[in-house]
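Just need the whole structure built from these sequences, with the hints factored in.
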Amino acid sequence: NAGVTQTPKFRVLKTGQSMTLLCAQDMNHEYMYWYRQDPGMGLRLIHYSVGEGTTAKGEVPDGYNVSRLKKQNFLLGLESAAPSQTSVYFCASIPGQRFYGYTFGSGTRLTVV
Amino acid sequence: GENVEQHPSTLSVQEGDSAVIKCTYSDSASNYFPWYKQELGKGPQLIIDIRSNVGEKKDQRIAVTLNKTAKHFSLHITETQPEDSAVYFCAASPNTGNQFYFGTGTSLTVIP
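Heads up: the protein sequence lines correspond to chains A and B, in order. With this note's numbering, letter number 57 in the first sequence gets 57, and the count goes up by one each step, no holes. With this note's numbering, letter number 100 in the second sequence gets 100, and the count goes up by one each step, no holes.
Think of the hints as simulated: they come from the structure by calculation, not from any bench. Note that the Cβ used here is the ideal one computed from N, Cα and C, for glycine as well. Be aware that one or more of the hints could be misleading.
Below 30 Å or equal to it, Euclidean Cα-Cα: the simulated DSS-like pairs (lysine-lysine) are [as the list claims (entries may be wrong)]:
1. B:Lys-37 <-> B:Lys-22
2. A:Lys-57 <-> B:Lys-42
3. B:Lys-71 <-> B:Lys-58
4. A:Lys-71 <-> B:Lys-42
What follows is a list of derived Cβ distance ranges for each label pair [claimed, not checked]:
5. B:Asn-53 <-> A:Val-12: 15 to 25 Å
6. B:Val-20 <-> A:Asp-38: 17 to 27 Å
7. A:Gly-53 <-> B:Leu-40: 33 to 43 Å
8. A:Ser-18 <-> B:Lys-58: 43 to 53 Å
Given below as structure tokens:
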């Protein structure tokens, strides 16, 4: 069981470039989330999904788009990267019932220059 | 929305001593409070959680307490060991769904 797998682990982008971060889970979880982690700011929710084909905005959605075409995958896209999007990105999932903690991936460190 | 505050931001203790990390939350509808441990270069891992109908929960050397009236909850680590060194995050989940709001983290260093 791999749990939650994020690819890539590291990436450097130039301002204005685009990229997609992939999150894959093999636990048949319903809910999936994308967070960004910045020093002194904890984890902030970007977008989330409560099931295949659904997405919703979180606390800091601007500049990002997401898709959940398959239950096991949740993609985070940056259409035109900006230096303010330099961060560590974490994907997480839960079964869907209440009172479960997240299972997190190991993160993607993105630098935009 | 929910606002979670966490203190202290850094904490150093001698090996064998206890460590306490405190969090407060603002939304009285929050009813689930997990704690996560994040080691360097890794994603956060759930270490213990508590529901709002429980005042205290223990798991070996770690415990969590919840005071719903005061809207605060705390993580207690006893007999600390060097491998407890990590960043710890508290979180709260209100009734709006399975969203979690995180504190800003506490960097714990256990000095051998």
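Pairwise beta carbon distance, A:Ser-18 to B:Lys-58, judged against the given window 43 to 53 Å: 48 Å, holds
Outcome of range test on Cβ distance (A:Gly-53, B:Leu-40; 33 to 43 Å): 37 Å, holds
B:Asn-53 paired with A:Val-12, Cβ distance criterion 15 to 25 Å: 48 Å, violated
Proposed proximity, B:Lys-42 with A:Lys-71 (alpha carbon, max 30 Å): 24 Å, holds
Distance restraint evaluation - B:Val-20, A:Asp-38, Cβ atoms, bounds 17 to 27 Å: At roughly 26 Å between Cβ atoms, A:Asp-38 and B:Val-20 fall inside 17 to 27 Å, so the hint holds.
Straight-line alpha-carbon gap B:Lys-37 to B:Lys-22, limit 30 Å: Holds: B:Lys-37 and B:Lys-22 sit about 14 Å apart, inside 30 Å.
Given pair status - B:Lys-58, B:Lys-71, alpha carbons within 30 Å: Within the cut-off at roughly 19 Å; holds.
Proposed proximity, B:Lys-42 with A:Lys-57 (alpha carbon, max 30 Å): Given pair A:Lys-57, B:Lys-42 holds - Cα atoms ~25 Å apart, limit 30 Å.
Violated hint: 5 only; the structure is consistent with all others.
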